[in-house]
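**Student:** If you want the building blocks of each chain, they are given just below.
2 protein chains.
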Amino acid sequence: MSHLRQNIITRDWVIIASDRGARPYDLPPKPRPEQAINTYEPSCPFCPGNEAMAADELARTPGQGPWRLRVIQNKYPALVPEGDRVRRVDGIYRTMTGVGRHEVIVEHPRHDLMTATLPLADLESLIMTYRGRYLEAHKDPRIESVVIFKNHGERAGTSLLHPHSQLAATPVVPNQIRIRVEEAIRYFDDTGECVFCRTLREELKDRERIVTETDHFVGFVPYAALSPYHFWIFPRRHMSSFDAINDTEVRDLARNLHEVLAKMYQGLNNPDYNYSIRSMPTRSGPTDYFHWYLTIVPRITRTAGFELGSGMFINSTSPEESAAFLRGVSLPEQDSSGA
Amino acid sequence: MSHLRQNIITRDWVIIASDRGARPYDLPPKPRPEQAINTYEPSCPFCPGNEAMAADELARTPGQGPWRLRVIQNKYPALVPEGDRVRRVDGIYRTMTGVGRHEVIVEHPRHDLMTATLPLADLESLIMTYRGRYLEAHKDPRIESVVIFKNHGERAGTSLLHPHSQLAATPVVPNQIRIRVEEAIRYFDDTGECVFCRTLREELKDRERIVTETDHFVGFVPYAALSPYHFWIFPRRHMSSFDAINDTEVRDLARNLHEVLAKMYQGLNNPDYNYSIRSMPTRSGPTDYFHWYLTIVPRITRTAGFELGSGMFINSTSPEESAAFLRGVSLPEQDSSGA
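Going line by line, the protein sequences match chains A and B.
Quick note: the first sequence uses my numbering, first residue -11, plus one each step.
Quick note: the second sequence uses my numbering, first residue -11, plus one each step.
These are computed hints drawn from the structure, not numbers from a lab.
All values derive from a computational prediction rather than experimental measurement.
Some hints here could point you the wrong way.
When chains are identical, the list treats them as one kind, so a pair holds in a single copy or across two.
[What the hints assert, rightly or not] Taking lysine to aspartate or glutamate and the DMTMM-like style, the derived pairs with C-alpha atoms no more than 25 Å apart in a straight line are: (1) Lys127 x Asp194; (2) Lys193 x Glu39; (3) Lys63 x Glu309; (4) Lys127 x Asp231; (5) Lys63 x Glu171; (6) Lys63 x Glu142; (7) Lys193 x Glu237; (8) Lys63 x Glu201; (9) Lys63 x Asp260; (10) Lys193 x Asp0; (11) Lys127 x Glu39; (12) Lys193 x Glu142; (13) Lys193 x Asp78; (14) Lys127 x Asp260.
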């Protein structure tokens, strides 16, 4: 018999129906694309030498080649940095101009690498860049929320192979984030504690769902994981906003993320996935109740009409099984030395 | 420049970025499967004669063949009707036994039909069955919410071709539904009116997003549609719960749904889609503030890391364009006479 679990942070219920399950060995066989991909692709706007095919450059980190990574405008931006933030209310109709930011971070000159196979030093450099771009966006008074995210593979919403991440900064607080902040405040009111800190403490006591532990971060499968291998990485130190991360923590987050992405790559056969960094709305200062984190969702199952109609998810793999499976994936030696 | 819109009912913001857009003519060409599908498939558990391959039958509607439609248990149920509803709270961990219902409604004996190509009389019969199953689930005191939904095509979460719908009844109120009820109460407190009734009134005045109008239902693209051709069908009469629908309204809803599904089928090249019926939690009686409706989401674009990290959507087609496009799809004569 299945059971339901409620996520204390989001209040979302999920149905854990592990009898129905797609187990790792049921995963659709997927050709490992790296064997077929060139290190350079003449038509790729993210490859070195093709910079003119991409939109304006915003920043670059120097490297051994032409550059180590590059930040550019999204060529098809959902939000643009120019213009005023104008809110209009006309009866029940509410609109806002599309000011904000929509940036692309090209993670490496090589076309055939993936975030999961980046050398550790490049992943550190990527997270440093995330912080830098977050800080830039944070300064803009028109911005209320910043989301850093990654789409890997077609099921995750991208067809561009060249490894890249994105940053989107919105002139409103997304409703979902507002709801989570309200829940966090309510938990703090009831207990005097950050619900994320409490969750981390309990998970470290239980240990059943813990997968990756480094000095400053803990990676685990959430108790009420929405889908197989749904994953959270929490900073151990209480911080509301991602840009409060210090240099040591950046390097440590890179180690943690490097390990979990490598485990998913090996164990789940290079799955399509999204990750994103969830952080406090930018117009408020540090708070005692909200705690940023990184969430990873391998796109192994699909959401369907039940999720559409209820917002609830059915997870066919128990979180404990997901965690045990990922813990059991052994990584080759020298994994961090290069691609 | 894009703009943002807020949905007054859900409070969700969406980015309308119609410059980026996939227009209908960009849709991936998809072989019309009906040409390749047999009317009967020996391995299909939903085809007549193969009933023993499916789980237990719960109801059947007689027809010219062996049956007109059949309701069966889901063979891989997320929730089961046997057992007690037991809630356990252990610190931050909250669980509930997986009692409830998970039923499959086989919509027609013919394997090669689709909901979009069902004869109108069969669609009426299907919606009558929805109401009957909803009422059955509603009687069960362990049930708090009932969702009726449909997955069409692989992107929408099904690989079974034989036309079928599902009903899931949960022993909790999904958080998303609770949040919407709270928003509806707040709107009612502020204005003394149902926010759904108000929306319908404004949409009928505007007319820009209206697509299908029948005696008792109105089909339109929501002002803050989450994705291209996202569609709502509202009953004109205020009703909180789907099972308050009367016979005349069932037949009228069938006409409305028949028309919009046919338009999507023709105009969008048989898209994968989900629909679901959103209704009031079952433990409360009728209310002045909540209004059931049917929502359809063609799965043309994919959600990605931005949606994961913010809960906000980017819609590449403006709702007015979506509506105009669907209005412009002309349907063949005799469309309602049969497949």
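**Student:** All hints, please: hold or fail.
**Tutor:** Status of the hints after comparison with the structure:
1. Lys127 x Asp194: Result: close neither inside a copy nor across copies, 40 Å intra and 39 Å inter.
2. Lys193 x Glu39: Neither: 49 Å inside a chain and 50 Å across chains, both beyond 25 Å.
3. Lys63 x Glu309: between (41 Å within a copy, 23 Å between copies)
4. Lys127 x Asp231: Close inside one copy (11 Å), not across copies (52 Å); limit 25 Å.
5. Lys63 x Glu171: neither (36 Å within a copy, 37 Å between copies)
6. Lys63 x Glu142: within (19 Å within a copy, 30 Å between copies)
7. Lys193 x Glu237: within (22 Å within a copy, 56 Å between copies)
8. Lys63 x Glu201: neither (38 Å within a copy, 39 Å between copies)
9. Lys63 x Asp260: Within one copy only: 23 Å inside a chain, 28 Å across chains, cut-off 25 Å.
10. Lys193 x Asp0: within (23 Å within a copy, 37 Å between copies)
11. Lys127 x Glu39: Classified as neither: same-chain Cα gap 27 Å, cross-chain 64 Å, threshold 25 Å.
12. Lys193 x Glu142: Classified as neither: same-chain Cα gap 37 Å, cross-chain 41 Å, threshold 25 Å.
13. Lys193 x Asp78: For Lys193 and Asp78, only the inter-copy Cα distance (14 Å) is at most 25 Å; the intra-copy one is 52 Å.
14. Lys127 x Asp260: neither (33 Å within a copy, 42 Å between copies)
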